[in-house]
Amino acid sequence: MKSSVIVFPGSNCDRDIEVALEKMQFKNQMIWHKETKLPKSDLIVLPGGFSYGDYLRSGAIAGKSLIIDEVIKAANDGCLILGICNGFQILTETGLLKGTLLRNKNLKFVNKDIKVKVVNSETKFSNKYKKDEVLKINIAHNEGNFFTDNSHLQELKENDLIAFKYCDEKGNINDQSNPNGSLENIAGIYNSKKNILGMMPHPERMVDKSISSTDGINLFSSLLN
Amino acid sequence: MKFSITVTLKKDVLDPQGKVVQNTLINMGLNLKNIRQGKYFEIELHEKDQNKAEKNIDEMCKKLLVNLIIEDYKINKL
Numbered sequence: 030m031k032s033s034v035i036v037f038p039g040s041n042c043d044r045d046i047e048v049a050l051e052k053m054q055f056k057n058q059m060i061w062h063k064e065t066k067l068p069k070s071d072l073i074v075l076p077g078g079f080s081y082g083d084y085l086r087s088g089a090i091a092g093k094s095l096i097i098d099e100v101i102k103a104a105n106d107g108c109l110i111l112g113i114c115n116g117f118q119i120l121t122e123t124g125l126l127k128g129t130l131l132r133n134k135n136l137k138f139v140n141k142d143i144k145v146k147v148v149n150s151e152t153k154f155s156n157k158y159k160k161d162e163v164l165k166i167n168i169a170h171n172e173g174n175f176f177t178d179n180s181h182l183q184e185l186k187e188n189d190l191i192a193f194k195y196c197d198e199k200g201n202i203n204d205q206s207n208p209n210g211s212l213e214n215i216a217g218i219y220n221s222k223k224n225i226l227g228m229m230p231h232p233e234r235m236v237d238k239s240i241s242s243t244d245g246i247n248l249f250s251s252l253l254n
Numbered sequence: 003m004k005f006s007i008t009v010t011l012k013k014d015v016l017d018p019q020g021k022v023v024q025n026t027l028i029n030m031g032l033n034l035k036n037i038r039q040g041k042y043f044e045i046e047l048h049e050k051d052q053n054k055a056e057k058n059i060d061e062m063c064k065k066l067l068v069n070l071i072i073e074d075y076k077i078n079k080l
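Chains as they are written, first to last, in our numbering: chain A, 30 to 254; chain B, 3 to 80.
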């Protein structure tokens, strides 16, 4: 499976996702944001970081960069797109995903391992997980407070487009297990065709037992399935 | 031709920064009812026709400066 990771000035999780993809036997290429041609890819990743220093709004400037037109074209042709953290913010700024990520409710940058529940386990990104499985994944962000309008929220629920929700160890989804104030504890969503996933947690940080957990591995092995 | 643009969060969107500023002012003993924090831009155009200029500014707001899901904006000619 061929993957491309788009690198913006200020991306800082691009190397981590590269290591994770290569560990999982993806044939990966790093693509600088000024490129205007994208190599044929089965998966495009928009990595975490602080593209353009979060100027204007997180992801706003990266969402208008040269390579993004190619990403949008590929997405419309059905290519799989994964946006992690800042990548999720970029996806909302391009319009590929609806909704937006606001400043964390408690105004603090949150960097810790949290728990998320797999809400939909039947997509290209999640088929190796079990429904309602609780994963330990790291989050590290200042603007991760997912917000959208009521009609989009209804669409997310009715069409099973919620990927992950923040929860506690036992899988309870409540205010105490919500690290950033996200609407209904939403940690990741799909587009209507389910070929685009945006998520705030970092699965690429959870692929090696010696430094963390391995709860992120199944996201990548799902893609290979 | 020069314009100013004020971008504010929509009424129903939580403004945690505004809240902190508000609480700080209240803690300083200053009296106020409510604060909403926003952004301010000044843009100078080559365009001489005001109608066209306003259209240009509006396009800039919609395409980049404003996130229409959560923000409102006001354009003012300076």
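Source of the hints: derived by calculation from the structure; they are not laboratory data.
Watch out, some of these pointers could steer you wrong.
The list that follows gives simulated cross-link-like pairs (lysine-lysine, BS3-like), each with its CA atoms no further than 30 Å apart [what the hints assert, rightly or not]:
no. : chain 1 : residue 1 : chain 2 : residue 2
1   : A       : Lys137    : B       : Lys12
2   : B       : Lys65     : A       : Lys66
3   : A       : Lys223    : B       : Lys64
4   : A       : Lys63     : B       : Lys12
5   : B       : Lys35     : A       : Lys93
6   : A       : Lys134    : B       : Lys64
7   : A       : Lys63     : B       : Lys65
8   : B       : Lys64     : A       : Lys66
9   : A       : Lys102    : B       : Lys64
10  : B       : Lys65     : B       : Lys76
11  : A       : Lys186    : B       : Lys65
12  : A       : Lys93     : B       : Lys64
13  : A       : Lys222    : B       : Lys65
14  : A       : Lys63     : B       : Lys64
15  : A       : Lys134    : B       : Lys12
16  : B       : Lys41     : A       : Lys93
17  : B       : Lys4      : A       : Lys141
18  : B       : Lys50     : A       : Lys93
19  : A       : Lys134    : B       : Lys50
20  : B       : Lys21     : A       : Lys127
21  : A       : Lys186    : B       : Lys4
22  : A       : Lys186    : B       : Lys64
23  : A       : Lys93     : B       : Lys76
24  : B       : Lys64     : A       : Lys127
25  : B       : Lys41     : A       : Lys137
26  : A       : Lys137    : B       : Lys65
27  : A       : Lys102    : B       : Lys4
28  : A       : Lys127    : B       : Lys50
29  : A       : Lys102    : A       : Lys153
Short derived list, chain B residues pointing at chain A, Cβ under 8 Å [stated by the list, open to error]:
no. : residue
30  : Val15
31  : Gln19
32  : Val22
33  : Val23
34  : Leu27
35  : Asn69
36  : Ile72
Glycine included, every Cβ here is placed at the ideal spot set by N, Cα and C.
Results for each hint:
Taken as a hint, the Lys137 of chain A and Lys12 of chain B pair is honoured in the structure, with Cα atoms around 22 Å apart against an allowance of 30 Å. Note on Lys65 of chain B and Lys66 of chain A: the hinted pairing holds, with a Cα-Cα distance of about 23 Å set against a maximum of 30 Å. For the proposed pair Lys223 of chain A and Lys64 of chain B, the alpha carbon gap of about 27 Å is at most 30 Å, so the pair holds. Distance hint between Lys63 of chain A and Lys12 of chain B is unfulfilled; the C-alpha atoms sit about 34 Å from each other, more than 30 Å.
Simply put, Lys35 of chain B and Lys93 of chain A have alpha-carbon atoms about 38 Å apart, too far for the 30 Å limit, and the pair is violated. For a cut-off of 30 Å, the pair hint linking Lys134 of chain A to Lys64 of chain B stands: about 26 Å separates their Cα positions. Annotation: proposed proximity of Lys63 of chain A to Lys65 of chain B holds, straight-line Cα distance about 20 Å (limit 30 Å). Taking the CA atoms of Lys64 of chain B and Lys66 of chain A, the gap is about 27 Å. The hint holds against a cut of 30 Å.
With a C-alpha separation of about 21 Å, the suggested pair Lys102 of chain A and Lys64 of chain B falls inside the 30 Å cut-off, and the hint holds. Restraint check for Lys65 of chain B and Lys76 of chain B: satisfied, since their Cα atoms lie roughly 15 Å apart, inside the 30 Å limit. Restraint check for Lys186 of chain A and Lys65 of chain B: satisfied, since their Cα atoms lie roughly 29 Å apart, inside the 30 Å limit. Of the supplied pair hints, the one linking Lys93 of chain A and Lys64 of chain B holds, its CA atoms being roughly 13 Å apart against a limit of 30 Å.
Pair hint Lys222 of chain A plus Lys65 of chain B holds up; C-alpha atoms about 25 Å apart against a cutoff of 30 Å. Simply put, Lys63 of chain A and Lys64 of chain B have alpha-carbon atoms about 23 Å apart, close enough for the 30 Å limit, and the pair holds. For the hint pairing Lys134 of chain A with Lys12 of chain B, the CA-to-CA distance comes to about 16 Å; that is within 30 Å, so the pair holds. For the hint pairing Lys41 of chain B with Lys93 of chain A, the CA-to-CA distance comes to about 20 Å; that is within 30 Å, so the pair holds.
About 46 Å separates the Cα atoms of Lys4 of chain B and Lys141 of chain A, which puts this hinted pair outside 30 Å; it is violated. Taken as a hint, the Lys50 of chain B and Lys93 of chain A pair is honoured in the structure, with Cα atoms around 27 Å apart against an allowance of 30 Å. A hinted pair counts as satisfied when its Cα atoms are at most 30 Å apart, and Lys134 of chain A with Lys50 of chain B does not qualify at roughly 44 Å. At most 30 Å may separate the alpha-carbon atoms for a hinted pair to count; Lys21 of chain B and Lys127 of chain A meet this at roughly 26 Å.
Annotation: proposed proximity of Lys186 of chain A to Lys4 of chain B is violated, straight-line Cα distance about 45 Å (limit 30 Å). Restraint check for Lys186 of chain A and Lys64 of chain B: the C-alpha separation of about 28 Å stays at or below 30 Å, so the hint holds. Our distance criterion of 30 Å between C-alpha atoms is met by Lys93 of chain A and Lys76 of chain B, whose separation comes to about 23 Å. Restraint check for Lys64 of chain B and Lys127 of chain A: satisfied, since their Cα atoms lie roughly 16 Å apart, inside the 30 Å limit.
Our distance criterion of 30 Å between C-alpha atoms is met by Lys41 of chain B and Lys137 of chain A, whose separation comes to about 20 Å. The straight-line distance between the Cα atoms of Lys137 of chain A and Lys65 of chain B is roughly 29 Å, inside the 30 Å bound, and the hint therefore holds. For the suggested pair Lys102 of chain A and Lys4 of chain B, the alpha carbons sit about 36 Å apart, so the restraint of at most 30 Å is broken. Under the criterion of a C-alpha separation no larger than 30 Å, the hint pairing Lys127 of chain A with Lys50 of chain B is inconsistent with the structure, at around 37 Å.
Restraint check for Lys102 of chain A and Lys153 of chain A: satisfied, since their Cα atoms lie roughly 19 Å apart, inside the 30 Å limit. Checking Val15 of chain B against chain A by beta carbon gives a least distance of about 7 Å; that is within 8 Å, so the hint holds. With a cut of 8 Å, the hint placing Gln19 of chain B at the interface with chain A holds, because the nearest CB-to-CB distance is about 7 Å. Contact between Val22 of chain B and chain A, as hinted, is supported at the beta carbon level, the nearest pair being about 6 Å apart and thus within 8 Å.
A cut of 8 Å between beta carbons decides the hint on Val23 of chain B: the least distance to chain A is about 11 Å, and the hint is violated. Hint status for Leu27 of chain B: violated, given a least beta-carbon distance of 16 Å to chain A, over 8 Å. Because the smallest distance between the Cβ of Asn69 of chain B and any Cβ of chain A comes to about 6 Å, under 8 Å, the interface hint for this residue holds. Annotation: interface hint on Ile72 of chain B holds; nearest CB of chain A at approximately 6 Å, less than 8 Å.
Checked against the numbered hints listed earlier, the structure breaks hints 4, 5, 17, 19, 21, 27, 28, 33, 34; every other hint is satisfied.
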